[in-house]
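Undergrad: Chains as they are written, first to last, in the UniProt record's numbering: chain A, 1 to 432; chain B, 1 to 992.
Calculated directly from the structure, the hints in this document are not laboratory data.
Positions of the beta carbon are idealized from the N, C-alpha and C atoms, including for glycine.
Worth double-checking, as some hints may not be accurate.
Sample of chain B residues lacking proximity to chain A, with all beta carbon distances greater than 10 Å (derived) [said to hold, decoys possible]:
1) Ser-318
2) Ser-515
3) Lys-589
4) Glu-807
5) Tyr-826
6) Gln-971
A few chain A residues facing chain B, derived, Cβ under 7 Å [unchecked claim]:
7) Phe-196
8) Asp-239
9) Met-332
10) Leu-420
11) Arg-423
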Amino acid sequence: MKNIHKIFTLLLVLTVSIPVTAQQTPAPAQSEAISITGVTAHIGNGSVIENTTIVFENGKITAMGANAPTKGRVINAQGKHVYPGFITVNNTLGLGEVDAVKASMDVNEIGTITPNVRSLIAYNAESKLVESMRPNGVLLGQIVPRGGRITGTSSVVQFDAWNWEDAAVKVDDAIHMNWPNSFSRGRWWLGESRAFQPNKDYSEDIQKARDFFNGAKAYNSGQTKEKNLAFESVKGLFDGSKKLYVNADSEKEIIDAVIFAKELGIQHTVLVGGYQAYKITEFLKQNNVAVIVGRTQSTPSFEDDDYDLPYKSPKLLHDAGLLVSIDPSGSMERMNTRNLPFYAGQVVGQGMNKEDALQLITSNASKILGIDADYGTLEVGKSATLFISEGDALDVRGNILTHAFIDGRELSLQSHHTNLYERYSNKLETDK
Amino acid sequence: MKKLLLLFPTILCALLVSSQEYFPKNDGVSHPNNTFTAFTNATIYVTPSQKIEGGTLLVQNGKVVNVGKNVTVPANATTVDLQGKHIYPSFVDPYTDFGVEKPKRQGGGRSAQYEPSRSGYYWNDHIRTDINAYEKFKFDDKKAKEFVEAGFGAVSTHHQDGVARGTGMVVALNTQGNNNERVLQQKATQHFSFSRSLEMQQAYPSSVMGSMALLRQMYYDAQWYEDGNSTTKDLALEALIAHKNLPSIFESGDKLNNLRADKVGDVFDIQYTIVGSGYEYENINEVKATNATYIIPLNFPDAYDVSNTYQAAYVSLSDMRRWNQAPQNPKTLADNNITFAFTTHDLKSPKELIAKVRKAMEYGLTFEKALEALTTVPAQILKNNRVGNLNTNAHANFIITSGPLFEKETTLYENWIQGGRHEINDMSQKDIRGKYELMVAGTAYELAITGEPGKPKAEVKQDTVKHKSNLSYTKKWMELSFTKDDETYRMTGIVSNTSDDLSGRLVLPNGNETSFRARKTGPAEEAGEEKKAEEKSSPQVMPVTYPNIAYGNSTLPRAQDILFKNATVWTGEEAGILEETDVLIKNGKISRIGKNLSAGGAQVVDATGKHLTAGIIDEHSHLALSSVNEGGHNSSAEVTMEDVVDPDDIGVYRALAGGVTSAQLLHGSANPIGGRSAVVKFKWGENAENMIYDNSPKFIKFALGENVKQSNWGSNSRFPQSRMGVEQVFTDYFNQALEYEAKKKSGKPYRHDEEMETLVEILNGDRYISCHSYVQSEINMLMKVAEKFDFNINTFTHILEGYKVAETMEKHGVVGASTFSDWWGYKYEVNDAIPYNAAIMYNAGLNVSINSDDGEMIRRLNQEAAKTVKYGGVPEYEAWKMVTINPAKMLHIDDRVGSIKEGKDADVVLWNDHPLSMYSKPEKTLIEGAVYFDLEQDLQKRNAVKKERNDLITMMLNEKNGGGKTQAPRQKPQRDFHCETDHLEEGFHTHH
């Protein structure tokens, strides 16, 4: 019980300074310069600078270095760590609230080819799930529609906004596709085996997607009177303004997908999932394909696989020279995204350098998303989207945030969860 | 018998046996036939172990009259000379559905059916003891022919549907007779399984443990009914009672179900004959310990078609091994002195039988055991001493072959059933194999006839030029044709015993008819002599591991004496964390903790810079289970997860790699009163019984909220559908239990009720509740219910709003609160689930643990414990206790495990770093001093898996290239059980 007093002192301070509301109010624009001093800066590009000062004004980092003169409000962060805001790629945050409540879900649209469906306009900036990201340092994300073969158009948002318009960082950045599975499960209710067997429709499914993209190419290069929303939405894939994110896991599926995109003249392909990408790193490198590798904290897909294969998968790809980030998708993907730093930390346990692991969810993610001019690293001239942590933010025990900023705006680190924590801790104390 | 005659419309055809002498005859005069048939000069197997060379078999009126070397053949006998030929008893298949229509799955409605659909019978529709095969039987000529051609003379058949399936009958496969003759035993057997009826839709049972509980209750109820305690009629129980002396046959179809069936039988002194899986070699010691006779399928898996490298990657090592090892199953059973019969019941056709038996023999099964499995053993199972042998008075069911049975060259000529001849291959037909000089239209050709005597093949050559040719040979007539320069020559002729040459009509390409002649020049050359020799060499069989999947152990880990030197020891006791300390493991126990301990004979492990902790304990897991939810009733206290522990789950190995040594395997949350738990140690490779704690504390799962009121299911016909109803369920059941106990104590006759027995244990404090719980209202409610009945809730599990009622829980005397570290948002009732829950409950003075409920998270419970440091500032040492000694306390195993203390079980983990660090991992995980996970051994195992996969893939490619049958590659379905795993689609569909 010794620690309880300490906690309550801290809580008291927080309670006084920040009013308790259902949703946290987005922070106003940065009004005065802020200097963080004495901090260990994890740049996000693989390097780390100890005992340094970071200054930011009007939302941009203006100075960095041990001898950088402080300006405006000074935050003494001696012994603490500063990181670029973490970035989650391929997420559905803001599109769904409670899995089991259908009315709260806007994650999936029906239809198999719906690239024109846009996540941005359904993004709920006031989601209780979104606000719970910030206290763990996850500040930006790519919001992606799920479902079907060609699922829709994503956008990149920041996680402290009044509405989707405020939230938007990069609008309609990419088209997403679920590559057909080369193995499919038997229809057990018809008496077939529950096991997975080669998918008889595999080639046909690919052909349907190819037909669509070929149609889109023809449509977009000519003068067609009748509007076709689906065709129009993928135009950017062929002029390089949009990327194609393809979800594929097995070796063959990955190769098929990459060749498919190349043959169609799609300029930029990003692989999502990539369970067996580690087997074909040379191929992926030759084709300049970045990988958003599946959640590190997941069980191996095959009984015979190394127990730690998902743990180390990003390291295997990184070591081979690929550009890698982490895909948080899967069961409970939205709520568990606050564990994104630990998904990266998991790889450190497999021998990956901590600063390299950090890149998975900072600079690598921003490069893949094409927002690296502003986000993903701590560099002068870039956005002051960063946070201060008591300790190592990739380790559970160290990931304790004291301050966080998006574009220099200081965020509330409160959430529905911290509110309840305060209420019931107070109740406990009062009742005693 | 009257009923039987009514039900079987007799087929009046040529009668060989005059068994219907009392039937009026209006289509002619009486035709009694009491002549004998004598089969002479044969090699006769009276039984598999009794062989007579040059013997005589004497048959009359469908029965064996005499057999032996010196049998006097009566004058009124037809004699069949079988010089050089063999006679064996016709085979008996003890497990078929011959002549009984296969059950059809009936479409269920949207809402589940909880009540039985029949009245006058048992409370559960899946108990179909009143079904009799003979009432559904219709002789199937087509199928009978398949059986006869495969060598069978009689089969047992029944309606294969439901948990209790009623009686089976034994039928002779005499296609020439009628049912008056063919039905050998009207009620020969009774049948059971763990599978629900396809024809009935009652929701219960929906799981293996539910079926087991149902069977036990059925037997209890039958005893009670038989003792005259029931005031009402139950035709199903009456049938069961009436059949109690019939042999009980249990279809298990699964290597673990073999043992489960036997376990059910043991309670009631019933020894089932078990229809096995074909994979008994994988746990042969346990199979042997059942003391059961087995009926063994022969459906050895075909090789996987691994010619596509990418597809091959989907096939697991365990599936590949089964292809490689399964043919050795019969030999392994025989080597272990387990009595077994063969069945064709899951072969596509009985025709495949001989080839499968031959394969089993290539893998070491002896001729005698093979023949026993097809004759005397099935006869013994069916308690019928008149089939499966050729002793005097046996049915004249026998086969005649060209030579030794099962050999490739041997032809099955005739199958006599009840004295009636069924010709399969013409025995009188001459063997025309050989080399000939064929003269056709003045030109000489070389003709070579090879192949099987009954199905010969021809090759027509001129010097080295082969001509396309075709030969058919039946009923003494041969038809031969060949094509030369696009012109076809057709020949036909009768084969006579009087000459070795062939001759007859020749039709020339221009249509003119003339004659041909082929002069025999010599015997046929045996082609592929070398190939044959190669086949004879015994096949390579991969060694079985425990469990028999990737990362299995070649030998079971045994306790070792180990001294961990210089470790940072997290005791989990008052002693706290001890730096630079030695821990000595001896005889499976933690023997000493201290500085500079001497190793004695113990192996020394340098643990400098490393951390030694007690093994992690998960209060809430569903790993290593075959089934999770019995949701067919709103209370399933009668089921126990101990019945369905499945030691072959790779999840166990992965959990060990995360430092987990013990877990409570819980029933799911489909109903308010769930099933009893299995508290286990993750002894990878051991059988289910050895994984379960000795003198295990008794637990049961309760559940509250959305799942038990079926909020997220399609069905809404089961009570309760609201939290209000949940309270009523508990109160009602506990009231019933009180009344039950009072009646039991009164000494009056009472109906033994497994469910009530369990509830009484709870009331008496002999069984603890672990209750799945989310919101504060229901948590509070359950405590009030318990208080009303004067007991305590031991554990609230999940308990996501525990932080709102922590003090009330503390006052109630809850032993433990076991929660997720940070799960929320997956359903409505977890809206207020917060990651600070553990910290607040800890601050309130509760004994808190962090659980997984998940095969992934269980591997990182150390990190999950660390989250209580992050969320709410729990001290690190206290956080660590939340995955070790705290769950041990709530599971009442803290006297044995959960901390590093002298005298406790040596369940310890050596970590390469601070155990709460994101970056640390176990290097060694020990249970009772035996190393169950070791990082270095794991690397070796990975390489071994790779090597063995490659070897097996090569072998399967060879099989395919050699013309062997293959099947498409498949990936095993992965299991991923959670509490809310839908009971109808277990493991394949989850919603937390």
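Undergrad: Next step is simple, just say for each hint if it's right about the structure.
TA: Going through the hints against the structure:
no.	hint	result
1	Ser-318	violated, 7 Å
2	Ser-515	holds, 55 Å
3	Lys-589	holds, 28 Å
4	Glu-807	violated, 6 Å
5	Tyr-826	violated, 4 Å
6	Gln-971	violated, 4 Å
7	Phe-196	holds, 4 Å
8	Asp-239	violated, 33 Å
9	Met-332	holds, 6 Å
10	Leu-420	holds, 5 Å
11	Arg-423	violated, 9 Å
Hint compliance for this structure: hints 1, 4, 5, 6, 8 and 11 are broken, all remaining hints hold.
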